[in-house]
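Got chain A; can you put chain B on it based on the hints?
Here the protein sequences come in this chain order: A and B.
Going by this note's numbering, the first sequence opens with residue 1, and the numbers climb by one from there.
Going by this note's numbering, the second sequence opens with residue 1, and the numbers climb by one from there.
FYI, nobody ran anything at the bench for these hints, they're computed from the structure.
Think of the CB as a built atom: it goes at the ideal place given N, C-alpha and C, for glycine as much as any other residue.
Only true hints are included.
Distance ranges between label pairs, derived from CB positions:
1) A:S162 / B:A59: 45 to 55 Å
2) B:R50 / A:R196: 41 to 51 Å
3) B:L11 / A:D257: 38 to 48 Å
Below, in silico cross-link-like pairs of lysine-lysine (DSS-like), each with a Cα-Cα straight-line distance of 30 Å or less:
4) A:K118 / A:K219
5) A:K82 / B:K2
6) A:K281 / B:K66
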Amino acid sequence: MSEYAHPESLVSTDWVAEHHADPNVRLVEVDVDTNAYNEGHIPGAYGWSWNTQLCDTLRRDILTRKNFEKLMSDTGISNSTKVILYGDSNNWFAAWALWQMKMYGHEDVRLMNGGRKKWLAEGREVSTDLPAPSASEYTASGPDNSLRAFLDQVMAAWEGRSHEMVDVRSPAEFTGEILAPPGLPETCQRGGHIPRARNIPWGKACNDDGTFKSADELKALYGAEGIDGAKPVIAYCRIGERSSHTWFVLKYLLGFDRVSNYDGSWTEWGNLVGAPVERGK
Amino acid sequence: MKVEHHAERRLEIGGWEVNLRTYQIGDVYHCKADNVSPGATIARTTGVTREEAEQKAIAKATERLKATIRRP
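Bound-form chain A, shown alone (with noise of 0.2 Å):
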C-alpha cells in the first residue's frame, strides 16, 4: 500500500484532540453552513466565514493580502503558527481556506482528516465558547498564482489542449440536467461542462466518515480518467470550493506537482458569452 505523497498535510481527530490547546497550535473551523460553528465546535477553535472572511466582499476575488494578513492577525497566527482547518461537508470549504493559505505562503497548515462530521461522529467533547485572541504579527508573501486558473489561463489551456480539466461537481451539473446543486439557487445562464473535462466528483475522493480515501484508491480514481500527473491539471466546480478539495487531494495526497483550482468555476464558464460548452456525459 503506498503512501499519500505528503501525508504530514493531514492530522487525524486523535492528534487534534491531543494536541489542540497547544500554544503553537490554532485550530479553525471552515464550514459550507455558516451556522455550525455556533453549535459547538472544537474548544479552543476559531471560526472563520467563507462568504465574509475568506473573499474579497466588495470585488468577486480571494482576500487581498492585506487583509489576508488582517485575517491571520486576528486570529493569533504568526508565520510559524501550525494552523489545523476543518470544517463540515468534509473539509469543502477548509480545503478552500487552505488553498488561500498556501497562497499567501503560510507553510505549515493542514486539515483535520474527516472534519467536522467526523469529530461529531466520535461524540467528541465541544463547546460554544468563542476563543479571545491576541493580536499577531504577520507577513504573508505571493500571492503564488501558480496554484490558481483564471479564466483566460483555462481558455487558453482548452484550446491548446495543454491540461486536463477536472469537474468535480456531480453528475447531474456535469450532464446540464440541473443548474445548481439540488434545493441551492441557479447561478448560471448554461447547464453542461467544459468540453472534454472530465466528471470525477469531488466526494469520491472521500470514505463514508469523511476521512480522504487511501493513495492507491485515489490513484485508481484519477488515473482511470486519465488524471496521473503527467499532464498539468485544472480543478473546477461551481465556485471553486469544491475544487479546492479536489485540488488539495491531486496536490498534497497524490503529489502532483502542477495543479491549480479554476475558483472562477461555473459560475464565470457558465454565464460566459460565447464560451465552448458540451452537454451530456
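Chain B alone, transformed into the frame defined by chain A:
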C-alpha cells in the same frame, strides 16, 4: 459538552436523495439535511427531540428541493 446520539440516514425527497444527520449537543437535537451529491446543507433545524428536529429538516428540505428544475 459531548456530542451524543449521532446518527445518519438516507431518504428520498421529491426524487432527490437526501442525507439526514442528527446529533445532540446539550439539551438540543440538531439536524442537517444535505443533498448527497454534492453534499451541501439544504436545511438545518433544532428540536427538543430527534423526531422534532428531523421533521422540521424534512419539511424545509422538501420546500427547497421543489425549486430545483431538471432539464431534459
